Every structure is written in C-alpha cells, then in structure tokens.
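*Asks:* Each chain is listed here by its residues.
2 protein chains.
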Amino acid sequence: MKRFNRIAAMMNYLLEHPRTQVNLEYFVKKYDVSKATASDDLNVVDSTFQEEGLGKLRRVIGPSGGIQYIPELSAEKSLEYVESLCSNLSDPTRILPGGYLYMTDILGDPFCVRKIGQIIASVFADKQIDVVMTVETKGIPIAYAVASFLNVPVIIVRRDPKVTEGSSVSINYVSGSSRKIQTMVMTKRSLRENMRVCIVDDFMKAGGTINGMISLVEEFEAETAAIAVLAEADDEEEDRVIENYTSLIKISNVDIRHKKNQCTAREFFDR
Amino acid sequence: MKRFNRIAAMMNYLLEHPRTQVNLEYFVKKYDVSKATASDDLNVVDSTFQEEGLGKLRRVIGPSGGIQYIPELSAEKSLEYVESLCSNLSDPTRILPGGYLYMTDILGDPFCVRKIGQIIASVFADKQIDVVMTVETKGIPIAYAVASFLNVPVIIVRRDPKVTEGSSVSINYVSGSSRKIQTMVMTKRSLRENMRVCIVDDFMKAGGTINGMISLVEEFEAETAAIAVLAEADDEEEDRVIENYTSLIKISNVDIRHKKNQCTAREFFDR
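Protein sequences, first through last, are from chains E and U. Each residue of the first sequence is one higher than the last, beginning at 1 in the working numbering. Each residue of the second sequence is one higher than the last, beginning at 1 in the working numbering.
Simulated from the structure, these hints should not be mistaken for lab results. Note that the structure is predicted; figures quoted are calculated from it, not measured. A portion of the hints provided could be inaccurate.
One copy or two, it doesn't matter: identical chains are merged, so the pair holds either way.
[Said to hold, decoys possible] Within a straight-line C-alpha distance of at most 20 Å, the following computed EDC-like cross-link-like pairs (lysine to aspartate or glutamate) qualify: (1) Lys180 <-> Asp160; (2) Lys2 <-> Glu136; (3) Lys29 <-> Glu51; (4) Lys188 <-> Asp91.
Generate the whole structure from the sequences, applying the supplied hints.
*Replies:* Written out as structure tokens, the structure is:
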C-alpha cells in the first residue's frame, strides 16, 4: 500500500472511531510498516485534523499506550454554522400558530443534525460523559449525533412503558410551561450508578422536560454532567426552572401578527 | 499544504459530503493546485475508498462535471457485521416476556447504528431515493444513519399531531399483529408528489406499521421505492401483509421457556 493510501485509510479509521484508544501496534500490523513509519503517518493525520479545525490526536502514554482521535469543531467554524442556522430560522414562514417555530426540516437534515452534534460534543469534550440522554421524539437525532462524536451510548426516555424494553423505572414531573403532570419512563438496564450523563433536547421553553430527566438521573444515582439544547425560547426565561445549560440558538420576540422573530447565536458563545 | 495533508483533507471532505457533486474547481481553488494535481489526488482517494471497501468516487462528465463520493460497504464487510450482531442477539438474557427480544442497547450504540445504516444504504445505492421515512421511536436512529449515507432528508411519522410541526395529514391503519386500529400523522410540508421514499424501521412482525406508512406515501402521491428493517420475526411470516422488503436479521424459534432464540443473517443476502 502506498503511503498516500495508508494515510488516507488511517484517517478514515480514526474518523470512524472517535475517542477510541488505538495502539500503534494496530496500524503496524494492519499496514505492515515500522513503528516509526506508523508514527510519522499519524503526525500527518494529526496536522490535517488540526489545520482543518476538526480536532486532534491525543497520545496516551504507557505500556498499553496509543492514540485517540478527539473530534472538536473549532469555535470559528461552530459560530459560522450556528449563525447560518439562525438566518435560516428567521424566515417568517416558519412562524406557526401559538408562536412556535417550524424546525422539522432542519431536524430532518442528517448533515445539519451531525454538525449540531459535533458542535455540542466539542463544548463538552472534557466533561467525561458516559452516556447521552434524551426524551422522545425530536431530540433523538441530535442526541445520536452528540453521542457519535463522544463515543458513548444513547438512552431514549419514553412517554409510556414499552414491552420491548424490559422492566423500567418511571417518574412523574410537572411540565414547566403548561403545569401539567406528565410521566417519563426509562429502561432499567440502561443507566448505572455514578454514570455521567449529558442531557440533550431540541428545544427548551421553561425547562420542565429537562427537569424531569434530571430527576430520572437522580433516581438512578447517576450524575447530570451537562445539558444542551439546540434552541431556547428567550421569552420564557423568567419561568425557567433549570440552570447551567448550553443552548446554541436563542429565539426571542416572536411576533405572530407581523410574522417576525429574532434568532441569535450569541448566548452560546458568551457563556 | 503538503500533498499528504491535502489528500487526507480531501478524503475527509468527501466523507462528510456523501453523494454531493463536487467540482474539481472547488479543490483547485481551496488548495491552490493545478487541475491535474487535484485529479491525481482524487485518484488516490478513490483507490483508498475501494481498497478499504468503503465505496468509490463517481465521475460526473460535462461542463458542470465533477465527482461524487458514493459510500458503499462491501458485501463481505456487511455480512461480517450482521453476523456479529446475530451472535450478540442470540444471548439468552435478551428474551423478554411475550417472546420479545431486548435490542435497546444495540439501537442505543451510535457506532452500531451507523454501520446498520451504511449497510442498508449500500443495498439501496441505485434506487434513487429522495427521502427516508420512519415512525417514532425506535427506528429513528437507523433512519438517520441510512439518510446520512444517501444524503437525503428524514421524515418522522408521529402517533399524534404536534403543534410544533404545522398542519398535518393523518391516516388510520390496522396493526398487523394486534388487529387494532391506530393513527399515524405526518407534517404536510415534508413530502411532495412523486418523491421516491425509503421506509425504514427497527423491527417487523406482521408488517402493519410499515403498511400504514405505505398508505401515507400514497396519500401524498409519492412512491415507496424501498423498505428496510433491521430485524423481522420469522414466526409471523404467514400473516405478513407486505412484500419486497430487505431485512438484515431474521429472528426465529424464540423459546421463552428455555431462553433460546435463533438469529440468522442469511435472509438478507439471499434476496
């Protein structure tokens, strides 16, 4: 195999296996090269990741040492992308009855969802997340995108228990905006004590749903290590029941009569 | 930028943008190289994709010509992966009351879900799919994975209408196994006439849910071009209401008393 192909193949392998420790020996055997050559090749891969703003290779020292690809989208690229989303969301035809914003097309675009996941995963790169949690339905694709860059599993919290998920734990919580009592159900096998959980959702109004997930995490004696939402409604800020979260987009001043709204990316980068 | 870095960067760009037409000019400008050099570099990328069994570059001829990366997992790699899933699913602790199989952990693993999506997308590589459709909840991650390799959007069919999705179309259908009448709802903005739809779900018993989605597609005067499920229950085959589908795994002879079941990958590759 030529060096060009080998480097490209190594890069692809690392992109497919983010945050997975790979021993140098693996590449030495796979491509039948010396340790020094494999190491040189990995330097090229590392510099490419860094130049393209895609993250870096982390060297793990010790007898079982190796490398790990840590995906990270640079702050500039993240901001650029979030701003393009904001201008897309400001389209007046997106305003729905009740002041809601139509985002189904954005959440239905796999490329867009992966970028959002990459941005959130970059913010939480050092939080030692063990698992990503979301509640059905619209947060699911974002949760998977975040999890794929953090190399951790996803737990989907349900509204009703399902026979196909085995025994479950359920809690009741108060929805923040409508003040209704609702139920959340989670498979018992999915979370263990002391795991560090990253809660992800598509949209936050008062934060009741996220608060419900925090209670579920406590029920399992696990820890909520990070909270992220794609967008938050600024107008509900007074009633907000949670603190310490990351949101990429703040939607404010939704004016149903004049079909206008304001989306800003600032909040996310001010924190 | 050195040639090694440039090739690695081009490869990364193409991996991130599958099935997107990229003009040679784009790389010529981005990396400040001649057309001949860019073309040589793309040949290296192409041969790496092919050697690694990851797909190929397709050249688009004409004045606006360029290249497209077509991701395809080779049949050997697909079979190998599906067989490893089968041996995992044969674990007796997976059998739940009612003869269901616990698959939540597999569907919660983003790496595994992406591989499943890559395998399904490879089977449908030439079907000219415009959109992937699934019904909430468990099929969603697989649908996004398939869509990301086909570079098309995802439509999530809901069980109830949601205010955040605008006006919707709903149908009633008969669930195949329980013979109950159920409802499906879809956002009106999401599907247009003559679009070619790929229906994806995690599990099929008699096929009633998939049949419901086929009716929804007809309602929009679109076309069901392909159907794929991760697993199907073999024991329900007599009652099955749909034909022409791809399933990766066949689950048969589920024996609740002796906690045994049989999972085979054969079906998928026999078709």
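*Asks:* List, from low to high, the hint numbers that the structure doesn't satisfy.
*Replies:* 2
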